[in-house]
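Undergrad: Read top to bottom, the protein sequences are chains U and Z.
Going left to right, the first sequence walks through residues 0 to 815 as numbering that gives the first Met the number 0 numbers them.
Going left to right, the second sequence walks through residues 0 to 57 as numbering that gives the first Met the number 0 numbers them.
Hints in this document: simulated from the structure, not taken from any laboratory.
A hint or two may mislead.
[Stated by the list, open to error] Which chain Z residues face chain U? A few, computed with CB under 8 Å, are given here:
(1) Phe4
(2) Ile5
(3) Leu6
(4) Val11
(5) Leu18
(6) Trp19
(7) Trp23
(8) Asp26
(9) Asp31
(10) Asp32
[Stated by the list, open to error] Derived CB-CB ranges, DEER-like:
(11) Ser142/U to Ala20/Z: 20 to 28 Å
(12) Leu789/U to Phe22/Z: 27 to 35 Å
(13) Phe4/Z to Leu242/U: 31 to 39 Å
(14) Phe4/Z to Leu776/U: 47 to 55 Å
(15) Gln445/U to Ala2/Z: 40 to 48 Å
(16) Asp92/U to Phe4/Z: 39 to 47 Å
(17) Val264/U to Phe4/Z: 18 to 26 Å
(18) Phe22/Z to Leu441/U: 42 to 50 Å
Note that this is a predicted model, so its numbers are computed, not measured.
Don't be surprised by glycine CBs; every beta carbon is placed ideally from N, CA and C.
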Amino acid sequence: MTSETPTCYHCASALDARAVRAELAAIERSFCCAGCLAAAQWLHEGGLGDFYRLRSAPSLALADAAEPDYRAWDSPAFHALYVRASSITATPDGIREIDVALDGLRCPACAWLIPRLGQGIDGVLDLQLNTATGRARLRWDPSRVALSGVLGKLAQYGYFARVALQGSDQQRADRRSALKRIAVAGIAAMQAMMMSEALYFGGDALEHGTRDFLRWMALLMSTPVVFWAAAGFFRGAWLELCLRRPGMDVLVALSVGLAYGTSVVETLRGGPVVYFDAAVMFVFFLLVARYIESSGRIRAQAAISRAQSLPATVTRISAEGPVEVSLLEVGVGDLLQVAVGQNVPVDGRLVHTAAEVDERLLTGEPRPQLRRPGDQLLAGSIVLGSALHIRVSAIGAATWLAQLETLVGRAQQARPALQLRAQVWAARFVIAMIALAAVAALIWWQIDASRALPVALAVLAAACPCAFALAIPAAQAAAQAALARSGVLVVHADALERAARVRRVVFDKTGTLSRGKPQLGVIEVFDRSKSTDECTRIAAALERGHRHPLAEAFRQHDDGAPVEQVRSHVGDGVSGVLAGVHYRLGRRGFVEGAGLNDDGRVWLASAERLLAAFELHDALRPDAADSVAQLMADGIDSLVLSGDASATVRGVAEELSIRRARGDLRPEQKLALLQAEQRSGYCVAMVGDGINDAPVLAAADLAVVMGEGAALAQRNADILLLRPNLILVPQALAMARRTQRIIRQNLVWSLAYHVLMLPAALSGVMPPWLAAVGMSLSSLLVSLNAARLLRGGPADPPKRLRASASASASAVAVRA
Amino acid sequence: MNALFILIPATVLLVGIALWAFFWAIDAGQFDDLDTPALEILEADGSDTRPVDEESPR
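Taking the hints into account, I'd like the entire structure generated from these sequences.
TA: As structure tokens, then:
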């Protein structure tokens, strides 16, 4: 394990110059930063060193970002909304309870650690975590410790609390109710089966008294199953009939109702045969299949909702000055102050001064946007440059961001076209099968009247297209859950189906293959009287105060020399006066004179002469090469179509051994090239990062958008990568292909099943109970087959660990 | 066959008790989280006495 590049003991990210070494439990270990060291030391001192043995993914890196401020969580308004008295009656008065959603859960060891962290904090009674939903329930004594203190402590270890929205109680109630129904149906089904066996095998040898007794007992057992456990099927059937789209609930309700109804009549009048067993077995197996399907769906939803963030506190400017308040207390018309680097929490109008904001999350536009006083600011934009003041115009669900999130949510609810087609077929199939059962009953009535009903029941049970109806949604839900777990959000309902067919992946260089954070490369100096260093410092001074990605490259060289008359020339560069000399910095055409071709470098000139040219290169993402190689191995060609300088693009393409790469493309040219690929018969996926590519993304068969953080507003995206890991692209495509394979298997199986079972049922060879068992087992098989998608990650673990560790450093970080 | 007339009602009674117990367990939250308890067996007596003897855990 020590042979590879050294990594941090705590977060497993690669060590750099800042690394520290320290002794921990008598063994010397390396850490990437003091924060990770402190976290590891605390864990060991607290006797929680087992964490490192139990975990299966590295912890979040604890780096530079600000520690979240939980002070507003102590406000009475917040408590009134989210905090309640302890629900456990035996606890003393004054104990409070809250449900929070925790970010940063990576593996089961976190579930092991979190309750122990709770025990280590004075005043915390207990802290329970449900790993399935990522929610924790905290019970604490407010007189001994503040809520913000507890949550701040958790944040130090990389677990960030957010308000848990409603839904968990409803889900828990549903889950409990489903389990109870399964229990009743299962136990009653076994009992009814035993009595039916006695009735079948006893045959005519049974005395009538014993026979009737067994029947009455079976009736007693089946009644709660049919009227309570199966109530959902009857409700569903009624709904389907009201919507005039008969589906499987109609068939289930019909066969259960028919089997139970006739059996009751037969019991009362002492008729020849009863079918209680068929009715209850059917209900039991169906409930189990549905339970498995819905737990998969709930897991998927939990993973998705964890990806969304809810800002908790804001600074409100009141008569007494700035006050930190909960976002919930903010009303329309309030004046808020938003600090540099923070998300704007509401929609509103800018007041006082102009400001630059980054609307990447909303629009995908990576360049800073200038907003003047009175301009509209949208929730979700990030403040650049300087703190700003905003007059609130919309909050909560009324914000643009919230409306976009609703759009995304709606897309998740939408059924894929294939599934809709399957439902239409199912409805026709159901009508045909009811007719077939009636015809079969009529024919058998002529042959042997006593067998008409069993045959009709067997046909109905064998015809139920449960497996068929489950084949697609079960696989889709499992795939979405597995993908969401690794940070891939399937936004468009048809996305998986299309992703499975992708044979070409088009990358847009900036921000996708590269980090989008340029670094200084080769510096060419033209003026012999100046050193490289001097030129760099001049450039850094000129770029000071600018938030462009390019300016970032110079930041570390800034020595604070005073600079005057700085002017920004949009699209060209900057100019300013430094120590009495006027300088220009920017594109070659701007600096040296119009008409010269842009070569991708940043040029610096004084009023008299040209000084230097800086080469800026954008470091490749660490997993770019792996991703391209993986795509190649999967038979998918990668292309680069970029608006960047051709030379740069070629360099990147060579490094990644991508054969086809074009630079200097305008959007319409990109579009034309992409459509040419499509015309030659390939299904093309476009991986992009923003609105620059919007038309191209829209034209691609599959639009993959890399959104760091909560870029949920990307309306063009079919698939969102919530982490900036390129390796997710081949993984998502591979998962899509596995999903389609599973769906095909499921469809083939359920069709084959019907083809085999129907003749057997029609000919009267198969008793109704066997048809019910076969039908239920077949839908169980389909559900379990789909659940295979949940197991096993999309890639081999070590690679994924490395990738997620580097991602977490950029996604969420905290100062310890 | 007379045994049946006693044994089957007894079974029904047992089924009732079993279901009641199961319902109680569900309502007490025993089935709410089936993943976390699997790790509780890994707890020692609350103190970590075993040294961690690998450079990189698992």
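Undergrad: Okay, which hints does this one fail, numbers in order?
TA: Per hint list: 2, 3, 6, 7, 11, 13, 14, 16 violated.
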